Amino acid sequence: MSKRNKALVVFSGGQDSTTCLFWAKQKFAEVEALSFDYGQKHRLELELAAKIANDAQVPFQVLKLDLLGQITNNALTTPGMDVEAEKPDNSPPNTLVEGRNMLFLTYAAIYAKSKGIHHLVTGVGQADYSGYPDCRDEFIRSLNQTLNLSMDFAYEIHTPLMWRSKEEVWHLSDELGVFDLVRTKTLTCYNGIVGDGCGNCPACKLRRNGLESYLAKRP
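For the sequence shown, the numbering used here assigns the number 18 to the initial residue and increments by one for each residue that follows.
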């Protein structure tokens with residue numbers, strides 16, 4: 018089996034990355050998953066990610082990146098800082114962890130190269146833009162080129178959700194046969210509540226609005 022037909026999924030155990038995990042299982046002969054412990058307060062996601070990967074029979078690894086909590090100030094890693102219910106008009110949401118996706122993909126690329134894996138999969142997207150600059154297609158394409166140059170290795174970063182709305186992400190999970198799993202067993206909530214979440218944080222609102230739109234059209 019060609020190792021070029023193997024993918025590494027950057028996997029958090031949330032709606033988007035879980036959908037991407039099962040998308041990758043359909044597209045690639047072999048799939049592995051990699052999560053990051055970056056000091057997130059909603060660290061239950063790591064336990065859920067491990068369970069989902071195990072049930073999907075996907076090799077799973079967690080890398081520690083807790084230094085992020087030491088050098089950034091945000092609601093996901095800073096004790097006592099609450100998640101804003103609404104994104105400010107002229108600034109990113111306080112859940113932005115600066116450089117997170119760049120670091121995740123960089124470490125994922127290093128890990129992948131050690132195993133001869135050329136394909137990286139991540140659940141970032143800008144259709145329902147949440148104010149995170151490192152979710153944009155322009156950034157991903159730039160980083161892909163940088164990783165190829167920096168490690169002299171032909172990576173291809175796949176972003177199957179880049180241009181899908183949250184409604185369309187729900188639709189995709191349904192097509193992949195994991196709608197119920199994504200709805201009840203994943204953690205998207207910034208306050209660490211599984212499934213439908215707290216209902217108040219921006220991640221929960223985006224997820225719920227997409228779900229309601231999809232259910233209204235679902236056969």
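Read the hints as simulated data drawn from the structure, not as lab findings. Since this is a predicted model, take the numbers as computed values, not measurements. Cβ coordinates follow ideal geometry from the N, Cα and C atoms, glycine included. Please note that a few of the clues may not be correct.
[Said to hold, decoys possible] DMTMM-like cross-link-like pairs, simulated, lysine to aspartate or glutamate; straight-line CA separation at most 25 Å:
#, residue 1, residue 2
1, Lys132, Glu184
2, Lys202, Asp191
3, Lys68, Glu47
4, Lys202, Glu184
5, Lys58, Glu115
[What the hints assert, rightly or not] Distance ranges between label pairs, derived from CB positions:
#, residue 1, residue 2, range
6, Ser131, Gly216, 38 to 48 Å
7, Asn71, Tyr124, 15 to 25 Å
8, Ile127, Lys234, 18 to 28 Å
9, Asn90, Arg60, 14 to 24 Å
10, Glu229, Lys202, 32 to 42 Å
11, Phe170, Gly212, 34 to 44 Å
12, Thr163, Pro236, 42 to 52 Å
13, Met168, Cys215, 32 to 42 Å
Any hints this thing doesn't respect? Which numbers, in order?
When the structure is compared with the hints, numbers 1, 8 and 10 turn out to be violated.
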